[in-house]
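Novice: Those protein sequence lines, which keep their order, are chains A and B. Just so we're aligned, residue 266 is where the first sequence starts under my numbering, counting upward by one. Just so we're aligned, residue 94 is where the second sequence starts under my numbering, counting upward by one.
Any given hint could turn out to be false.
Some chain B residues near chain A, calculated using beta-carbon distances under 10 Å [as the list claims (entries may be wrong)]:
id	residue
1	Tyr125
2	Ile130
3	Glu136
4	Tyr146
5	Gly148
6	Ala180
7	Asp182
8	Val185
9	Arg192
Below are the SDA-like pairs computed for lysine to any residue, each with C-alpha atoms no more than 25 Å apart in a straight line [what the hints assert, rightly or not]:
id	chain 1	residue 1	chain 2	residue 2
10	B	Lys198	A	Thr288
11	B	Lys168	B	Glu195
12	A	Lys371	B	Lys168
13	B	Lys157	A	Lys333
14	A	Lys333	B	Gly124
15	B	Lys198	A	Thr290
16	A	Lys312	B	Ser177
17	A	Lys371	B	Thr208
18	B	Lys157	B	Tyr146
19	B	Lys174	B	Ser100
It is worth saying that the hints were derived from the structure and are not from the lab. C-beta atoms are modelled at their ideal positions from N, C-alpha and C, and glycine is treated no differently.
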Amino acid sequence: QSALTQPPSVSGSPGQSVTISCTGTSSDVGSYNRVSWYQQPPGTAPKLMIYEVSNRPSGVPDRFSGSKSGNTASLTISGLQAGDEADYYCSSYTSSSTWVFGGGTKLTVL
Amino acid sequence: QVQLQESGPGLVKPSETLSLTCSVSGGSISGYYWSWIRQAPGEGLEWIGYIYYSGSTNYNPSLKSRVTISVDTSKNQFSLKLSSVTAADTAVYYCARERRVEPGKYYFDYWGQGTPVTVSS
Chain A
266 QSALTQPPSV
276 SGSPGQSVTI
286 SCTGTSSDVG
296 SYNRVSWYQQ
306 PPGTAPKLMI
316 YEVSNRPSGV
326 PDRFSGSKSG
336 NTASLTISGL
346 QAGDEADYYC
356 SSYTSSSTWV
366 FGGGTKLTVL
Chain B
94 QVQLQESGPG
104 LVKPSETLSL
114 TCSVSGGSIS
124 GYYWSWIRQA
134 PGEGLEWIGY
144 IYYSGSTNYN
154 PSLKSRVTIS
164 VDTSKNQFSL
174 KLSSVTAADT
184 AVYYCARERR
194 VEPGKYYFDY
204 WGQGTPVTVS
214 S
């Protein structure tokens with residue numbers, strides 16, 4: 266199984282919005298809504314930010330939103346803050362009953 | 094609050110077997126799927142495999158021939174064994190709990206802090 270495709274890096278100024286894409290196939294992202302997103306600041310474990318494409322766990326700000334179209338899922342962060350700077354990973358459960366992650370995207374807040 | 098803690102040797106020799114244990118506290122291991130995930134230095138996350146509390150497993154096809162995951166419900170622990178390791182297996186290893194609620198709520202809700210493992214002679 267191949268990793269989901271994410272851009273290596275994105276950046277934005279405080280207050281702006283950024284969108285991170287996550288492209289898979291009809292066997293993973295495209296087949297189910299079992300897509301989730303994780304935030305990983307340096308030296309820490311990943312933290313769940315979005316599940317089931319667009320749902321936020323309790324405690325995650327509504328500045329974080331998710332969507333999906335076909336084989337591509339997206340994470341949008343609006344009202345960027347310095348504390349949002351981290352690596353972001355998408356993940357999908359697959360038709361083979363396995364998991365696959367994206368390669369990760371480094372978000373820089375300028 | 095569920096907590097996961099990885100434990101095991103931080104240094105493993107090439108060709109030997111890497112063995113790690115994840116201890117679960119604050120909740121039962123029963124009723125859930127549990128995964129091992131790793132992250133090589135400067136790289137992304139790689140799913141290794143999962144085990145259901147009953148013992149059924151599934152592994153990443155790229156690692157399947159070398160991976161064994163087991164569970165001990167009496168100790169509320171699950172374990173990873175990765176055989177014939179090379180330098181490419183050097184990584185931070187995380188254990189995580191899977192949350193699965195049909196049809197679409199599939200995600201990792203609790204993670205351990207991660208344990209670094211270096212493969213070197």
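Novice: So if I understand the rule, the pair passes when the alpha-carbon distance is 25 Å or less; does Lys174(B) with Ser100(B) pass?
Specialist: 12 Å, holds
Novice: Is the Cα-Cα distance between Lys157(B) and Tyr146(B) 25 Å or less?
Specialist: Holds - the C-alpha atoms of Tyr146(B) and Lys157(B) are around 19 Å apart, at most 25 Å.
Novice: Does the interface hint hold: is Val185(B) within less than 10 Å of chain A, judged Cβ to Cβ?
Specialist: 9 Å, holds
Novice: Just to be careful, I want the Cα atoms of Lys198(B) and Thr288(A) compared with a cutoff of 25 Å; is the pair within it?
Specialist: 19 Å, holds
Novice: Quick one, are Lys371(A) and Thr208(B) close enough, alpha carbons at most 25 Å?
Specialist: Roughly 22 Å between the alpha carbons, so the hint for Lys371(A) and Thr208(B) holds.
Novice: Would the hint on Tyr125(B) be counted as holding, given a Cβ-Cβ threshold of 10 Å to chain A?
Specialist: 15 Å, violated
Novice: Does Tyr146(B) pass the interface hint, meaning its C-beta sits closer than 10 Å to a C-beta of chain A?
Specialist: Nearest chain A Cβ about 16 Å off; hint violated.
Novice: Is the straight-line distance between the alpha-carbon of Lys168(B) and that of Glu195(B) 25 Å or less?
Specialist: Outside the cut-off at roughly 28 Å; violated.
Novice: Taking the least C-beta to C-beta distance, is Gly148(B) closer than 10 Å to chain A?
Specialist: Check failed: Cβ of Gly148(B) comes no nearer than 15 Å to chain A, outside 10 Å.
Novice: Please verify whether Lys157(B) and Lys333(A) have alpha carbons no more than 25 Å apart.
Specialist: Judged against 25 Å, a Cα distance of about 30 Å means the pair is violated.
Novice: Restraint: Asp182(B) near chain A, CB-CB cut 10 Å. Satisfied or not?
Specialist: 17 Å, violated
Novice: Let me know if the C-beta of Ala180(B) comes in closer than 10 Å to any C-beta of chain A, holds or violated.
Specialist: Hint on Ala180(B): violated, closest Cβ of chain A at ~20 Å, above 10 Å.
Checked against the numbered hints listed earlier, the structure breaks hints 1, 4, 5, 6, 7, 11, 12, 13, 14, 16; every other hint is satisfied.
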